[in-house]
Amino acid sequence: MKKILHRTYIFLIILFLYAPIATLIVLSFNASKTRAKWGGFTLKWYQSLFQNEVILEALYTTLLIALLSALTATFIGTIAAIAINGMKKRNRAFLMAITNIPMLNAEIVTGISLMLLFISLGMRFGFTTVLLAHITFNIPYVILSVLPRLKQMNPSTYEAALDLGASPLHAFFKVILPDIFPGVLSGFLMAFTMSLDDFIITHFTKGPGLDTLSTKIYTEVKKGIKPEMYSLSALIFITVLILLLLVNRTPKDRKNTTLSRQEEIVL
Amino acid sequence: MNKKWLSFPYILWAAGFIIIPLAMVFYYGFTDRSGSFTLENILAILSPEHRKALFLALLLSFISTAICILLAYPLSMILAQMGNARNSFLVLIFILPMWMNFLLRTLAWQTLLEKNGVINSVLHFLHLPGISIINTPAAIILGMVYNFLPFMVLPIYNSLLKIDPNVINAARDLGANGFQTFLKVTLPLSLPGVISGITMVFVPALTTFVISTLLGGSKILLIGNVIEQEFTQSGNWNLGSGLSVVLMIFIVISIIFSTLSDQDGEGTAI
Amino acid sequence: MKKLIITALLGFSILSLWGCANGQDTPNGEVVVYNWGEYIDPDVLTQFEEETGIKVIYDEFETNEIMYPKIEAGASDYDVVCPSDYMIQKMMENDLLEEINFDNIPNAVQNIGEQYYEQSKSFDPENKYSVPYCWGTVGILYNKTMVTSEIDSWADLWDPQYADSILMQDSVRDSFMVALKLNGYSMNSTDSAELEAAKKSLIEQKPIVQAYVIDQVRDKMIGNEAALGVIYSGEAIFTQRENPDLEYVIPKEGTNVWIDSWVIPKGSKNKENAEKFIDFMCREDIALKNFEYITYSTPNEAAQALIEDEEIKNSPIAFPVLSDYENLETFEYLGTDADELYNQLWKEVKSE
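Protein sequences appear in the order of chains A, B and C.
Each residue of the first sequence is one higher than the last, beginning at 2 in the working numbering.
Each residue of the second sequence is one higher than the last, beginning at 543 in the working numbering.
Each residue of the third sequence is one higher than the last, beginning at 2 in the working numbering.
Please keep in mind that the hints were generated in silico from the structure rather than gathered at the bench.
On a predicted model such as this, the values are computed, not experimentally measured, just so you know.
Heads up, the beta-carbon is just placed ideally off N, CA and C, and yes, glycines get one too.
Any given hint might turn out to be false.
For lysine to any residue, the following SDA-like pairs were computed, each having C-alpha atoms within a straight-line distance of at most 25 Å [claimed, not checked]:
no. : chain 1 : residue 1 : chain 2 : residue 2
1   : A       : 224       : A       : 127
2   : C       : 290       : C       : 267
3   : C       : 272       : C       : 38
4   : C       : 122       : C       : 175
5   : A       : 4         : B       : 714
6   : B       : 546       : A       : 149
7   : A       : 152       : B       : 551
8   : B       : 657       : C       : 208
9   : C       : 201       : C       : 215
10  : B       : 704       : A       : 180
11  : B       : 761       : B       : 551
12  : A       : 38        : C       : 148
13  : C       : 267       : C       : 160
14  : A       : 38        : B       : 678
Here are some chain A residues the structure puts well away from chain B; computed CB gaps all over 10 Å [as the list claims (entries may be wrong)]:
no. : residue
15  : 36
16  : 128
17  : 137
18  : 168
19  : 179
20  : 198
21  : 200
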């Protein structure tokens, strides 16, 4: 009885979260050009998607920015996490408060503040400005997912490695990195996903001719979304779904502790 | 591992892209068009239309946060009990939708909720009375809950997992019933998760302008909309910055709130 | 998870390669265009690139007010922009525009009707800064099956029987235009009493308004979501094609006759290319292509003559005879103080 209740509850939540997604997928097969009318089943939007250079270009920009910003943020963020972990409590609390700013501050304020900065620096708005902005709001996600892993680590292993004659860099790669890797990975994934889904900050820092999928969609929301956008979203969604199912089906070859598992799960 | 210099790249980055930009918002907020000091942009929050927009934003995000807790807590408990299957489940439920653009997802709610929308067509087909919540505060709350629910579930779920099962067993052995155990053991131990969930939901809900535009038909003005319009349409950056400063006061309160409850400074946010 | 990442990384490397292979030769430089959303036939841009070898970097905006700060900030190097009348005046007054050399754009001299230059004088008195691209009126689009009375007045938007079936424009000047005209005032009024009255009307109307939207009027009217909507004439032809129940009317109290024109912002790095682009847009076959795609009225008389569909060619919606209507006006820029007053009042309406 309890189980049925649990399942029903989960089912209802999933229904709530996925109803709009199902709607979008259905719309991608709608022959009518407007969202408001059902004009019969068609696959033509999937065909025209691959001829639509504007959308493909936006997709490319989105992925490139997400990849570059997530990589850079992972690099800076992991180093920062190691440094923060070794700090005294007061310094650490201070730096963590700053780290929390981009995560907790209103996205609109972050976007606007960066826009003001770029203008005062006389930078030309475009790829670079968007990339810098995305790195900025991605770093905290990396720090916050690496830090707990560092805490669980036994600091003596690193010192032991040094005592045994390993160089600090060598010790880092052989001792620290393998231990914190799940955290680094989940930080990277979180950063990548956040960058992918961001609209507001990109909106304020983008320049002429540069569009990510989000900004493209925002322009189209007002004019009526082009059906190709639905088919693209459906394709991305299905691809990620299949990838996730595949990854989850392969048996785990690593022996994870429950704790390291948790973090992978979350992200 | 006590290499101080390791923190330099990040400190530089944070100074350049977090602190200085924020300082510029403050600068604009405390000056007028000619660049001389004024408090006018800050005090503008007291004018009736801004006060109303702020109050409404506070109200709607408060309600949304409450609904998120009510939905997320039982869900997290179920998920935490699920064992191995939970791995794929959580990802499936919460991360996957994020790969579909959030503007499109929110727009899809328009299609669902409209007068001749999907939900009403289904209700009509079943001979049930239709609903009309599109372009009302209720639709905005729905959009907020929809978009921010994951940020409530993940921290609560994490804090529930951290609870040592032995503690719960001990409580049961000592004669507490299920409800008592929940009230005296589980709930207090998961409180940090709930609190970081509250900040993670409340702040974005308080400051959103997209959800209110898409689902509120622009009839409902939240403080986020006012700020956005000052920047993108009225071109009054000073006023926009001033109102942002006021908004930040509320955010700072939340940050203090969450750091106080997270004393070892590890950040339970994710 | 590891596998997922590896797969993803592989995917991106392929994408990046494809991106590089896609790069085009641009022997003759580039031109950065900033235009309204969906306000051009995309084929026209390709054709321009092929014929001239100039690469077009194309960007879109939703309202004049969103466009202006981007130009003013100077952080983006646009070469050609397409603002409306009053915004052109504002840009001129703030010294943001470059004079156009009409010798370089013979098509504009030849093809654009004289009356449109005449009309442009209200914001560009010497016709030195702007070349008309599209024009039209603002009116009410209504669904014949959903109204019971004759629709011919802005007052119909205040009729309680259409509660929750009315769509208003979500932009300051357009909304105030409707309310000012309803009250019998000029839509360029700066008189605080008149504006206060207009504000009162808008607040009074708000409970029966379904939503304030910009271009979504189109989708919503096609989907029978609303009975009445304030809309630009250019959208009317498109919506009628999709939903024959829709009808467009210019209210008897008068309305806004607007022109969107090409201008070159000060400091343009590719002024010659910008003029080539404008000239290309004024060629009759190109203007015709654009008209057929976006269905906004073209001031290009040579293109108008080429329209094959007689019904469209003589359509009173696409090409209204302006002398048939009274109280037509064109927006003027009213200055910073008036701008702020409008914004303030509009906020009061919205927060009500």
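If you draw a straight line from the CA of residue 546 (chain B) to the CA of residue 149 (chain A), is it 25 Å or shorter?
19 Å, holds
With a cut-off of 25 Å on the C-alpha distance, tell me whether residue 704 (chain B) and residue 180 (chain A) pass.
With Cα atoms ~19 Å apart, residue 704 (chain B) and residue 180 (chain A) stay inside 25 Å; holds.
Tell me if the straight-line CA distance from residue 657 (chain B) to residue 208 (chain C) falls inside 25 Å.
17 Å, holds
Need the status of pair residue 38 (chain A), residue 678 (chain B): alpha-carbon distance at most 25 Å?
23 Å, holds
Quick one: work out the minimum CB distance from residue 128 (chain A) to chain B and report holds if it exceeds 10 Å, violated otherwise.
Correct as stated: the minimum Cβ-Cβ distance to chain B is 16 Å, above 10 Å.
Hint consistency between residue 152 (chain A) and residue 551 (chain B) [alpha-carbon to alpha-carbon, up to 25 Å]:
21 Å, holds
Verdict on residue 198 (chain A) as a residue remote from chain B, using beta-carbon distances over 10 Å
5 Å, violated
Taken at face value, is the distance from the CA of residue 175 (chain C) to the CA of residue 122 (chain C) at most 25 Å?
Holds, at roughly 21 Å.
Please work out if residue 201 (chain C) and residue 215 (chain C) have their alpha carbons no farther apart than 25 Å.
22 Å, holds
Hint check: residue 290 (chain C) vs residue 267 (chain C), CA-CA at most 25 Å. Holds or violated?
29 Å, violated
Would the least Cβ to Cβ distance between residue 200 (chain A) and chain B come out above 10 Å?
6 Å, violated
Under the criterion that the straight-line Cα-Cα distance not exceed 25 Å, is the pair residue 38 (chain A), residue 148 (chain C) satisfied?
21 Å, holds
When each numbered hint is compared with the structure, violations occur for hints 2, 11, 13, 15, 17, 20 and 21.
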